[in-house]
Amino acid sequence: MTFSFEILLLILLLVTAAGAILVKDLMSAILLLGSYSFFLALVWAWLGAVDVAFVEAVVGAGLATVLFLLTLFGTAPKDSRLRRPPPPIAALFALPLLGVLLLYAANDLPKFGDPTSPASTHISPAYLERSYQDTQTPNVVTSVLMDYRSLDTMVETVVIFTAGIACALLLRRQAS
Amino acid sequence: MADALAAVFQRPNFLTFVIIFLWGFYIMVTRYNLVKKLVGLYLVQTSVIFFLVSISAKKGATAPVLLSATDPVQAFQYANPLPHVLTLTAIVVGVATLGVALALCAAIYRRYGSLDEEDILKRLE
Numbered sequence: 001m002t003f004s005f006e007i008l009l010l011i012l013l014l015v016t017a018a019g020a021i022l023v024k025d026l027m028s029a030i031l032l033l034g035s036y037s038f039f040l041a042l043v044w045a046w047l048g049a050v051d052v053a054f055v056e057a058v059v060g061a062g063l064a065t066v067l068f069l070l071t072l073f074g075t076a077p078k079d080s081r082l083r084r085p086p087p088p089i090a091a092l093f094a095l096p097l098l099g100v101l102l103l104y105a106a107n108d109l110p111k112f113g114d115p116t117s118p119a120s121t122h123i124s125p126a127y128l129e130r131s132y133q134d135t136q137t138p139n140v141v142t143s144v145l146m147d148y149r150s151l152d153t154m155v156e157t158v159v160i161f162t163a164g165i166a167c168a169l170l171l172r173r174q175a176s
Numbered sequence: 001m002a003d004a005l006a007a008v009f010q011r012p013n014f015l016t017f018v019i020i021f022l023w024g025f026y027i028m029v030t031r032y033n034l035v036k037k038l039v040g041l042y043l044v045q046t047s048v049i050f051f052l053v054s055i056s057a058k059k060g061a062t063a064p065v066l067l068s069a070t071d072p073v074q075a076f077q078y079a080n081p082l083p084h085v086l087t088l089t090a091i092v093v094g095v096a097t098l099g100v101a102l103a104l105c106a107a108i109y110r111r112y113g114s115l116d117e118e119d120i121l122k123r124l125e
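Protein chains in written order, with our numbering: chain A, 1 to 176; chain B, 1 to 125.
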């Protein structure tokens with residue numbers, strides 16, 4: 001792992017996120033958000049999460065951008081209020097406080113990339129070691145998703161189906 | 001104080017997560033445009049997923065696809081697969097709920113002719 005390359009990717013991630021937030025035209029904000037998703041997929045592929053990167057590139061960068069754009073074509077493509085509103089006092093106090101608390105907790109996190117971190121020691125080696133005998137699938141993510149937790153995945157499709165029905169009901173035209 | 005700062009800069013992924021999370025949250029709270037709020041929501045979602053995937057990384061490890069079917073598996077050779085499974089579900093469900101939110105925005109625009117929160121509140125009165 002080259003350290004500088006990773007920093008470069010993280011900076012690109014921050015720059016595209018900042019662009020999506022700061023740009024005033026909503027259409028450009030959404031295209032920048034698509035590129036942010038794509039850089040996120042790149043970072044994940046770099047961290048070894050190839051399946052997550054694939055899904056993010058297809059669903060996050062592809063489908064979410066298309067949904068955003070379809071909404072914008074049907075509605076107002078401009079951020080109607082160009083002047084930024086003055087932020088509420090509570091947000092100005094609470095959010096930096098939350099940030100300082102989160103960063104203060106950084107010292108308790110395990111070192112990045114540490115193979116003996118708590119997340120990687122308890123149960124996850126057992127999945128890696130047993131999955132081929134149990135499921136005959138070399139890809140461990142697939143074997144967990146489709147075999148060990150297949151009921152979970154099936155109910156997830158129910159969630160997506162419900163979301164699809166909700167969209168169809170919201171978007172139907174009134175007959176009048 | 002200096003220790004805490006050094007601890008933060010040794011974990012650049014965590015710093016990125018905190019910045020994107022808080023900024024997206026701030027956008028959700030302060031902006032009036034509903035689509036802009038959803039942009040902030042999407043940033044919050046993806047930053048949390050980014051943090052989970054960062055936890056799963058191991059130094060010098062490869063993707064969790066077994067290199068050989070016969071050799072005994074050494075767990076430190078492969079990235080931790082469990083956060084990957086969690087986040088796959090989270091991404092897909094997140095985009096599905098984002099679709100519902102955008103459909104709600106379209107329905108609001110059809111009814112009130114605006115996506116600006118204050119305009120909509122004025123028209124509601």
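Mixed in with the good hints, there may be bad ones.
Said to hold, decoys possible - Straight-line Cα separation of at most 25 Å, SDA-like style, residue types lysine to any residue; simulated pairs: (1) B:Lys37 to A:Pro87; (2) A:Lys24 to B:Tyr109; (3) A:Lys111 to B:Tyr26; (4) A:Lys24 to B:Leu52; (5) B:Lys59 to B:Ala7; (6) B:Lys59 to A:Phe93; (7) A:Lys24 to B:Ala63; (8) B:Lys37 to A:Ser35; (9) B:Lys59 to B:Leu5; (10) B:Lys59 to B:Pro12; (11) B:Lys37 to A:Ala126; (12) B:Lys37 to A:Tyr132; (13) B:Lys59 to B:Lys122; (14) A:Lys111 to A:Leu98; (15) B:Lys37 to B:Lys59; (16) A:Lys24 to A:Ile89; (17) B:Lys59 to A:Ala126; (18) A:Lys111 to A:Ile7; (19) A:Lys111 to A:Phe93; (20) B:Lys59 to A:Ile11; (21) B:Lys37 to B:Leu52; (22) A:Lys111 to B:Ala107; (23) B:Lys122 to A:Thr75; (24) B:Lys59 to A:Ala57; (25) B:Lys37 to A:Val58; (26) B:Lys59 to B:Leu41; (27) B:Lys37 to A:Asp152; (28) A:Lys111 to B:Glu117; (29) B:Lys37 to A:Leu31; (30) B:Lys59 to B:Glu117; (31) A:Lys111 to B:Lys37; (32) B:Lys59 to A:Glu6; (33) A:Lys24 to A:Glu6; (34) B:Lys37 to A:Ile7; (35) A:Lys111 to B:Gly60; (36) B:Lys122 to B:Ala7; (37) A:Lys24 to B:Leu22.
Claimed, not checked - To give an idea of the chain B side of the interface with chain A (calculated C-beta under 7 Å), a few residues: (38) Ala2; (39) Val18; (40) Tyr26.
The hints are simulated quantities; they were obtained by calculation from the structure and are not laboratory data. Every residue gets a Cβ at the ideal spot worked out from N, C-alpha and C, and that includes glycine.
Broken hints, by number: Violated: hints 3, 4, 6, 7, 11, 12, 13, 15, 19, 22, 26, 27, 28, 30, 31, 33, 34, 36 and 38.
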